[in-house]
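K.L.:
Work the whole structure out from these sequences, hints included.
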Amino acid sequence: MSKLLTTQLYKYHVEQKSKLIEFAGWDMPFSYDGTLKEHNYVRNNCGFFDVSHMGRLALDIGQIQNISKLICSDILNLDNSKALYTIFTNENGKALDDVIFWKFEDKLILICNASNREKISNHLINNNIEFEDQTFDTCLIAVQGPNTVNHLKDLLDLPKHFSAVDNGEYICARTGYTGEDGFEIMFNNSKVDEILNYIVRKEIKPCGLGSRDTLRLEASLPLYGFELTEEISPVEANLKWVITNEDDYLGKEIIHNELNSSNHKTLKKFVIDSKKIARTGTKVKSNNINGVVTSGNYSPKLEKSIGFALFDSSPESDLIEFDIRGNFIEGNIINKRFLN
Amino acid sequence: MTEKKYLETHEWYSVNDNEITVGISDFAQSELGDIVFVTLPTVDESFSKGEGMVEIEATKTVAEVYAPMDITITEVNNKLDSEPELINGDPCGEGWIVKGSIKDLDDIGMSYQEYESFIS
Chain W
272 MSKLLTTQLY KYHVEQKSKL IEFAGWDMPF SYDGTLKEHN YVRNNCGFFD
322 VSHMGRLALD IGQIQNISKL ICSDILNLDN SKALYTIFTN ENGKALDDVI
372 FWKFEDKLIL ICNASNREKI SNHLINNNIE FEDQTFDTCL IAVQGPNTVN
422 HLKDLLDLPK HFSAVDNGEY ICARTGYTGE DGFEIMFNNS KVDEILNYIV
472 RKEIKPCGLG SRDTLRLEAS LPLYGFELTE EISPVEANLK WVITNEDDYL
522 GKEIIHNELN SSNHKTLKKF VIDSKKIART GTKVKSNNIN GVVTSGNYSP
572 KLEKSIGFAL FDSSPESDLI EFDIRGNFIE GNIINKRFLN
Chain F
12 MTEKKYLETH EWYSVNDNEI TVGISDFAQS ELGDIVFVTL PTVDESFSKG
62 EGMVEIEATK TVAEVYAPMD ITITEVNNKL DSEPELINGD PCGEGWIVKG
112 SIKDLDDIGM SYQEYESFIS
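First to last, the protein sequences are chains W and F. In our numbering, each number is its position in the first sequence, counted from 1, plus 271. In our numbering, each number is its position in the second sequence, counted from 1, plus 11.
Just so you know, these hints were derived from the structure itself, not from any lab. Mixed in with the good hints there might be a few duds.
With a Cα cut of at most 25 Å, we get these calculated DSS-like pairs of lysine-lysine [as the list claims (entries may be wrong)]:
hint	chain 1	residue 1	chain 2	residue 2
1	F	LYS110	W	LYS546
2	W	LYS340	W	LYS511
3	W	LYS575	W	LYS540
4	W	LYS340	W	LYS353
5	W	LYS308	F	LYS90
6	W	LYS536	W	LYS308
7	W	LYS511	W	LYS540
8	W	LYS390	W	LYS431
9	W	LYS575	F	LYS71
10	W	LYS575	F	LYS90
11	W	LYS546	W	LYS523
12	W	LYS556	W	LYS536
13	W	LYS607	W	LYS511
14	W	LYS546	F	LYS114
15	W	LYS556	W	LYS290
16	W	LYS554	W	LYS523
17	W	LYS340	W	LYS378
18	W	LYS308	W	LYS290
19	F	LYS90	W	LYS476
20	W	LYS288	W	LYS473
21	W	LYS540	W	LYS572
22	F	LYS71	W	LYS554
23	F	LYS90	F	LYS71
24	W	LYS462	W	LYS288
25	F	LYS90	F	LYS15
26	F	LYS90	F	LYS110
27	F	LYS114	F	LYS15
28	W	LYS274	W	LYS288
29	W	LYS572	F	LYS71
30	F	LYS110	W	LYS572
31	F	LYS60	W	LYS308
32	W	LYS546	W	LYS556
33	W	LYS540	F	LYS71
34	W	LYS473	W	LYS554
35	W	LYS546	F	LYS71
36	W	LYS290	F	LYS71
37	W	LYS424	W	LYS473
38	W	LYS288	F	LYS71
P.N.:
As structure tokens, this is what we get:
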């Protein structure tokens with residue numbers, strides 16, 4: 272097995288005795304104090320995640336027309352200093368990756384999933400788009416939770432929601448992946464001690480990938496590899512709001528046909544009232560419509576089992592039945608978000 | 012009461028006369044992560060050695076607790092219904108899971124030292 276990659280915060284993770292796991296080729300913290308505790312730090316106060324494993328690609332703003340041909344959202348009319356959640360689609364209209372762009376006057380910063388950094392890099396190269404991969408020269412941390420502003424306001428000028436600032440030392444955006452107010456801060460590797468000292472002084476708790484997953488699930492947010500794959504389109508993943516690109520882009524025709532049809536797979540959220548978790552791969556049925564669970568776990572806030580399932584077509588009934596290790600367990604599709 | 016014995020499937024058990032107490036090891040709870048649901052059997056239910064008695068759902072994964080020998084359940088730890096985290100906090104004490112009467116004593120578990128070298 273090849274050696275796992277480590278982030279600049281690796282020493283800190285080891286000192287904190289975090290449980291480390293392999294994630295997309297990186298040795299990353301799964302938890303420090305336990306997933307539920309970390310989940311609650313973020314829901315009730317503030318926590319930080321080392322997300323330096325995610326890809327960070329810098330592009331000259333002159334590349335924006337070419338980028339627009341590859342994503343399903345309108346980036347051309349996005350204001351400077353704004354952040355955009357979007358999806359790189361392939362010629363079949365399926366998802367190559369879900370990403371965040373930060374748009375500045377002179378550049379774009381593209382944040383992609385760690386597992387897709389090489390794929391997206393190659394995709395850009397194949398489309399003659401120049402970029403600089405800054406993943407290994409910089410760090411990225413996400414600080415999330417209702418008290419985050421209080422904790423971070425002494426560190427830097429904080430942007431407004433779905434905005435980004437670049438002060439030359441840090442690039443900071445306010446997008447979040449937990450359903451809470453939160454900031455993502457990208458900085459040069461040389462600043463890692465300074466930032467870590469600040470975080471430790473403010474007693475912001477470290478959180479691992481375990482709570483990142485329960486938080487994003489509870490916040491009804493998709494995770495690439497589960498709710499989005501090269502077999503699942505943004506329409507199927509119920510991300511119609513992301514499709515705002517009027518330009519021609521890869522797979523546009525298929526995606527627009529899907530938008531006007533019900534003849535496609537569809538992702539639904541579900542809740543189970545019994546003490547069972549329907550995990551990834553669990554079979555589910557609504558009358559005669561089959562589906563499969565893409566993600567499922569415990570929601571600490573709802574104190575219930577929740578998840579996403581991808582159905583072959585739109586179920587007519589919200590009553591669903593899971594086959595959990597041979598036992599038939601009832602659940603319900605819900606059409607609102609898990610958390611209000 | 013005899014000292015705790017451990018199984019390769021990470022249960023511990025102790026025997027007192029004809030009664031057995033079963034839980035999971037500290038190693039097992041640590042591997043599972045935060046335990047959120049425990050589905051307990053009912054009193055008087057019988058299990059053969061190796062049969063799944065209890066289902067533990069944790070944030071990371073799910074695990075079954077297997078019967079260490081042929082037993083009939085005499086008591087379950089009902090506290091686990093509302094406080095499943097007792098297994099994480101005190102797996103070998105307050106986080107015990109079931110008690111049962113032994114139908115056929117089959118005391119072949121590992122000592123703690125043997126179990127430690129098994130998991131390391």
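K.L.:
For each hint, tell me whether it holds in the structure or not.
P.N.:
Outcome of the hint check:
For the proposed pair F:LYS110 and W:LYS546, the alpha carbon gap of about 21 Å is at most 25 Å, so the pair holds. Between W:LYS340 and W:LYS511 the CA atoms are separated by roughly 18 Å; this keeps the pair inside 25 Å, and the hint holds. Between W:LYS575 and W:LYS540 the alpha-carbon distance is near 13 Å, which keeps this suggested pair within the 25 Å criterion. Among the hinted pairs, W:LYS340 with W:LYS353 is consistent with the structure: their alpha-carbon atoms are about 19 Å apart, no more than 25 Å.
Taking the CA atoms of W:LYS308 and F:LYS90, the gap is about 20 Å. The hint holds against a cut of 25 Å. Between the alpha carbons of W:LYS536 and W:LYS308 the distance comes to roughly 36 Å, so the proposed pair goes past 25 Å and is violated. Taking the CA atoms of W:LYS511 and W:LYS540, the gap is near 15 Å; set against the 25 Å cutoff, the hint holds. For a cut-off of 25 Å, the pair hint linking W:LYS390 to W:LYS431 is broken: about 31 Å separates their Cα positions.
Distance check on the hinted pair: W:LYS575 and F:LYS71 sit about 15 Å apart at the alpha-carbon level, within 25 Å; holds. Restraint check for W:LYS575 and F:LYS90: satisfied, since their Cα atoms lie roughly 18 Å apart, inside the 25 Å limit. Between W:LYS546 and W:LYS523 the alpha-carbon distance is near 42 Å, which puts this suggested pair outside the 25 Å criterion. This hinted pair checks out: W:LYS556 and W:LYS536 have alpha carbons roughly 13 Å apart, not beyond 25 Å.
For the suggested pair W:LYS607 and W:LYS511, the alpha carbons sit about 15 Å apart, so the restraint of at most 25 Å is met. Taken as a hint, the W:LYS546 and F:LYS114 pair is broken in the structure, with Cα atoms around 30 Å apart against an allowance of 25 Å. Among the hinted pairs, W:LYS556 with W:LYS290 is inconsistent with the structure: their alpha-carbon atoms are about 36 Å apart, more than 25 Å. Among the hinted pairs, W:LYS554 with W:LYS523 is inconsistent with the structure: their alpha-carbon atoms are about 31 Å apart, more than 25 Å.
The suggested pairing of W:LYS340 with W:LYS378 holds, with an alpha-carbon distance near 17 Å, which does not exceed 25 Å. Of the pairs offered as hints, the one joining W:LYS308 and W:LYS290 holds, with about 14 Å between alpha carbons and a cut-off of 25 Å not exceeded. A C-alpha spacing of about 30 Å is found between F:LYS90 and W:LYS476, which places the hinted pair above 25 Å, so the restraint is violated. A distance of roughly 20 Å separates the Cα atoms of W:LYS288 and W:LYS473; the hinted pair therefore holds under the 25 Å criterion.
Restraint check for W:LYS540 and W:LYS572: satisfied, since their Cα atoms lie roughly 16 Å apart, inside the 25 Å limit. Our distance criterion of 25 Å between C-alpha atoms is met by F:LYS71 and W:LYS554, whose separation comes to about 19 Å. Taken as a hint, the F:LYS90 and F:LYS71 pair is honoured in the structure, with Cα atoms around 22 Å apart against an allowance of 25 Å. Of the supplied pair hints, the one linking W:LYS462 and W:LYS288 holds, its CA atoms being roughly 23 Å apart against a limit of 25 Å.
Proposed proximity of F:LYS90 and F:LYS15 is supported: the alpha carbons are some 22 Å apart, at most 25 Å. About 14 Å separates the Cα atoms of F:LYS90 and F:LYS110, which keeps this hinted pair within 25 Å; it holds. For the hint pairing F:LYS114 with F:LYS15, the CA-to-CA distance comes to about 19 Å; that is within 25 Å, so the pair holds. Pair hint W:LYS274 plus W:LYS288 holds up; C-alpha atoms about 20 Å apart against a cutoff of 25 Å.
Straight-line distance between C-alpha atoms of W:LYS572 and F:LYS71 comes to about 17 Å, which keeps the hinted pair within the 25 Å bound. A threshold of 25 Å between alpha carbons decides the hint, and for F:LYS110 with W:LYS572 the separation of about 32 Å lies outside it, so the pair is violated. In summary, the hint linking F:LYS60 to W:LYS308 is not supported, as the alpha carbons are separated by about 36 Å, beyond the 25 Å threshold. With a C-alpha separation of about 19 Å, the suggested pair W:LYS546 and W:LYS556 falls inside the 25 Å cut-off, and the hint holds.
This hinted pair checks out: W:LYS540 and F:LYS71 have alpha carbons roughly 20 Å apart, not beyond 25 Å. Restraint check: the Cα-Cα separation between W:LYS473 and W:LYS554 comes to about 45 Å, which exceeds 25 Å; the hinted pair is violated. Under the criterion of a C-alpha separation no larger than 25 Å, the hint pairing W:LYS546 with F:LYS71 is consistent with the structure, at around 15 Å. About 12 Å separates the Cα atoms of W:LYS290 and F:LYS71, which keeps this hinted pair within 25 Å; it holds.
Distance restraint check for W:LYS424 and W:LYS473: the Cα-Cα separation of roughly 11 Å lies within the 25 Å cut-off, and the hinted pair is therefore satisfied. A hinted pair counts as satisfied when its Cα atoms are at most 25 Å apart, and W:LYS288 with F:LYS71 qualifies at roughly 18 Å.
This entry does not satisfy hints 6, 8, 11, 14, 15, 16, 19, 30, 31 and 34, going by the numbered hints stated previously.
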